[in-house]
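**Student:** Protein sequences, first through last, are from chains E and H.
Mind the numbering: the first sequence is residues 1 to 258 in full-length UniProt numbering, read in order.
Mind the numbering: the second sequence is residues 1 to 340 in full-length UniProt numbering, read in order.
Bear in mind the hints are in silico, worked out from the structure with no lab data behind them.
Treat the hints with care, since some could be wrong.
Said to hold, decoys possible - Output of the computed footprint for chain E on chain H, the stretches with three or more beta carbons under 8 angstroms from beta carbons of chain E: (1) 33 to 42; (2) 90 to 102; (3) 162 to 173; (4) 226 to 232; (5) 240 to 247.
To be verified - Residues of chain H clear of chain E, computed beta-carbon distances all greater than 12 angstroms: (6) Ile30; (7) Ala125; (8) Thr135; (9) Tyr200; (10) Asn207; (11) Asp222; (12) Ile294; (13) Glu297; (14) Arg298; (15) Glu305; (16) Leu318; (17) Leu330.
Said to hold, decoys possible - Straight-line Cα separation of at most 20 angstroms, SDA-like style, residue types lysine to any residue; simulated pairs: (18) E:Lys126 - H:Lys153; (19) E:Lys126 - H:His196; (20) H:Lys149 - E:Lys126; (21) H:Lys149 - E:Ala108; (22) H:Lys153 - E:Ala90.
For every residue, glycine included, the Cβ atom is placed at its ideal position computed from N, Cα and C.
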Amino acid sequence: MHGMCAEREAEVWQALDRVTDPELDEAVTEMGFVENVEIEGPSVLVSFRLPTYWCSPNFAFLMCEGIVREVGRLPWVARARVRLEDHMHAEEVMAVVNDGRPFSEAFAGLCDGDDLDALREKFAEKAFQRRQEAVLLRLRALGHSPEAIAAMTLRELEFTEVEEDRLARYREALTGRGLAKWPGDLAFRDWAGVALTAEGLPAHLATLRQVRLNMEFNGTLCQGLRGARYKEAVEVDGEPTLVDFILGRVPPRPQAAR
Amino acid sequence: MYITPEGKEIFVVDGHIHFWDGSPENQRNIHGKQFIECFYAYHNALSPAEQRWEKSHFEKYSADDVYRDLFIDGPDDMAIIQTTVLGDFYKTGFGCIKRSHEMAARAKDRFIINGSYDPRDGEQALEYIHFMKETYDIKGVKLYTAEWKGESKGWKLNDPWAYKCFELLDKLGIRNVHIHKGPTIIPLNKDAFDVHDVDYCATDFQNLNFIVEHCGQPRLDDFCWIAVQETNVYGGLAVVLPFIHSRPRYFGEMIAELLFWVGPDKLLFSSDYAIWTPKWLVEKFWAYQIPEDIAAERGVQLTDEIKEKILGLNAAKLYDIDIEDRKAKLRADPVRIAAE
Chain E
1 MHGMCAEREA EVWQALDRVT DPELDEAVTE MGFVENVEIE GPSVLVSFRL PTYWCSPNFA
61 FLMCEGIVRE VGRLPWVARA RVRLEDHMHA EEVMAVVNDG RPFSEAFAGL CDGDDLDALR
121 EKFAEKAFQR RQEAVLLRLR ALGHSPEAIA AMTLRELEFT EVEEDRLARY REALTGRGLA
181 KWPGDLAFRD WAGVALTAEG LPAHLATLRQ VRLNMEFNGT LCQGLRGARY KEAVEVDGEP
241 TLVDFILGRV PPRPQAAR
Chain H
1 MYITPEGKEI FVVDGHIHFW DGSPENQRNI HGKQFIECFY AYHNALSPAE QRWEKSHFEK
61 YSADDVYRDL FIDGPDDMAI IQTTVLGDFY KTGFGCIKRS HEMAARAKDR FIINGSYDPR
121 DGEQALEYIH FMKETYDIKG VKLYTAEWKG ESKGWKLNDP WAYKCFELLD KLGIRNVHIH
181 KGPTIIPLNK DAFDVHDVDY CATDFQNLNF IVEHCGQPRL DDFCWIAVQE TNVYGGLAVV
241 LPFIHSRPRY FGEMIAELLF WVGPDKLLFS SDYAIWTPKW LVEKFWAYQI PEDIAAERGV
301 QLTDEIKEKI LGLNAAKLYD IDIEDRKAKL RADPVRIAAE
């Protein structure tokens, strides 16, 4: 294996880190869904496997589409494709995703001709809420009062002791939605743009908690199911590949999965 | 009967169990294979290590296994068998009401066997409901909205034929409707776990009780909202409860939400046997306390009184079980299985 090849494979894995499971707001690589990456010149094939055969095809589509998009952004990639393994609608999903066509073309009869925009928006909201809750809970644990939290600007938030990764995830969702732009803007609004108030904080946190409980339910199950489903495959195929060494993933992830 | 460490007798009604045949011989196609494998993955993912079964045993277990796991080794006094047919996936049905009755014949007082139908069968569904009432005197049904049928990949509880079937259940006095909200895949452009159709039928059929299995998870918030609005909506703890082992703090958060919104009178214990067995679930549940900070947030706690309701009293109420009378009957007819 020569250097460039390994380097390119590492780039693909890093691109894949940016693809999230919409239902869970976790990276597909983190969830262990990506099985393999094959590179042939400017062409990349990503093998992808979900925790069950029954995972909803619309979620499967969103993830496969994300893979094609993110890998396709690498400057040396001319063609990115996904192989969805062992899924009830694998053929239909692959046919459109690998051809750059919309979801509605694969499932015209089952979705009233609509695409997934409303669903995307819904998951974007949930991801935002989950990330915001993580920051709010941390601030509360650090002793910030509801009044201080409600009045906090982005700049002030940056100077708290909230961990950078937690903060970065929230900042990305917040600015992505356009809810704050400048350091002097308020750090906490709801998805509709309404500023958080001190009195409203407990009720707001209760709402966010329910969103997290839902996401964790599926997250725990997905990881558990995936681990159970591919236990045998992992044992057969458990040799670390080069990329595992490159990315510091030795021992390989499937064995580290809960 | 569960005997608490303090010596108190707790009457246990297991609200959702199966007597299935998922064996390769009964599988009709790849979907049947994948379905039981998915159940097996649930079993492996959330069971304590020492409770895991061999795959072949999990695919098909015997009547003796049921009696032993539920009533001899396990603490159940009674169990409600839910029929999940999956005719497109299994030759003689995954579950089958006739097979369940044969299995239960040895100890009739211990079982409630619910029927099942598919509203997409139209008139035939109505006829079949009549048949189940006359032949088996069913008190409830299990509906699985994610079931495939030919080209159809699922249905909704507020479809016109679903309503015709509910009207008939109401007329015949079949009051308990257990709903399994699997990941339905129609319409495909919407959230696959949507539970809002429960809201419509619960409003429109006030005489029926809707027991939503696994409490509508992973849409707990929507389920809680609906259950607050509708007095005839209940939550079945199948799948939710096993988290008590692998993620006890998370289980505390879920049960606190459910107690706060749905309330202690509307939650039903279930093992979802044979995905899990009731012994470890009941023991862990009885020993469980919601962590203090979570309990304080919602102002709720799992008291012994509430646990007793969830483990049996609530289901007994839904199914008109006179507990003292039933206990006497069960004592007079202890469970026996052939020596091994």
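**Student:** When you look at the beta carbon of H:Leu330, is every beta carbon of chain E farther off than 12 angstroms?
**Tutor:** holds (35 angstroms)
**Student:** Please verify whether H:Lys153 and E:Ala90 have alpha carbons no more than 20 angstroms apart.
**Tutor:** With Cα atoms ~15 angstroms apart, H:Lys153 and E:Ala90 stay inside 20 angstroms; holds.
**Student:** Is the straight-line distance between the alpha-carbon of E:Lys126 and that of H:Lys153 20 angstroms or less?
**Tutor:** violated (26 angstroms)
**Student:** If you look at each residue in the stretch 162 to 173 of chain H, do at least three have a Cβ nearer than 8 angstroms to any Cβ of chain E?
**Tutor:** It is violated: at least three residues are needed, and the stretch 162 to 173 of chain H offers just 0 whose Cβ sits closer than 8 angstroms to chain E.
**Student:** Check the non-interface label on H:Glu305: least C-beta distance to chain E beyond 12 angstroms or not.
**Tutor:** holds (25 angstroms)
**Student:** Taking a Cβ-Cβ distance under 8 angstroms as contact, does the stretch 226 to 232 of chain H have three or more residues in contact with chain E?
**Tutor:** violated (count 0)
**Student:** Would H:Ala125 pass as off the interface with chain E, using Cβ distances and a cut of 12 angstroms?
**Tutor:** holds (22 angstroms)
**Student:** Is it correct that the beta-carbon of H:Thr135 has no partner in chain E closer than or equal to 12 angstroms?
**Tutor:** Since the minimum Cβ distance to chain E is about 32 angstroms, H:Thr135 lies beyond 12 angstroms and the statement holds.
**Student:** Is it the case that H:Glu297 keeps its Cβ farther than 12 angstroms from each residue Cβ in chain E?
**Tutor:** violated (8 angstroms)
**Student:** Say whether it holds or is violated: H:Ile30 keeps its Cβ farther than 12 angstroms from all Cβ of chain E.
**Tutor:** violated (8 angstroms)
**Student:** Examine each Cβ of chain E, and state whether all of them lie more than 12 angstroms from the Cβ of H:Tyr200.
**Tutor:** holds (19 angstroms)
**Student:** At a Cβ distance under 8 angstroms, does chain E reach at least three residues of the stretch 90 to 102 of chain H?
**Tutor:** Violated - the stretch 90 to 102 of chain H has 0 residues with a Cβ nearer than 8 angstroms to chain E, which falls short of three.
Checked against the numbered hints above, the structure violates hints 2, 3, 4, 6, 11, 12, 13, 14, 18 and 20; every other hint is satisfied.
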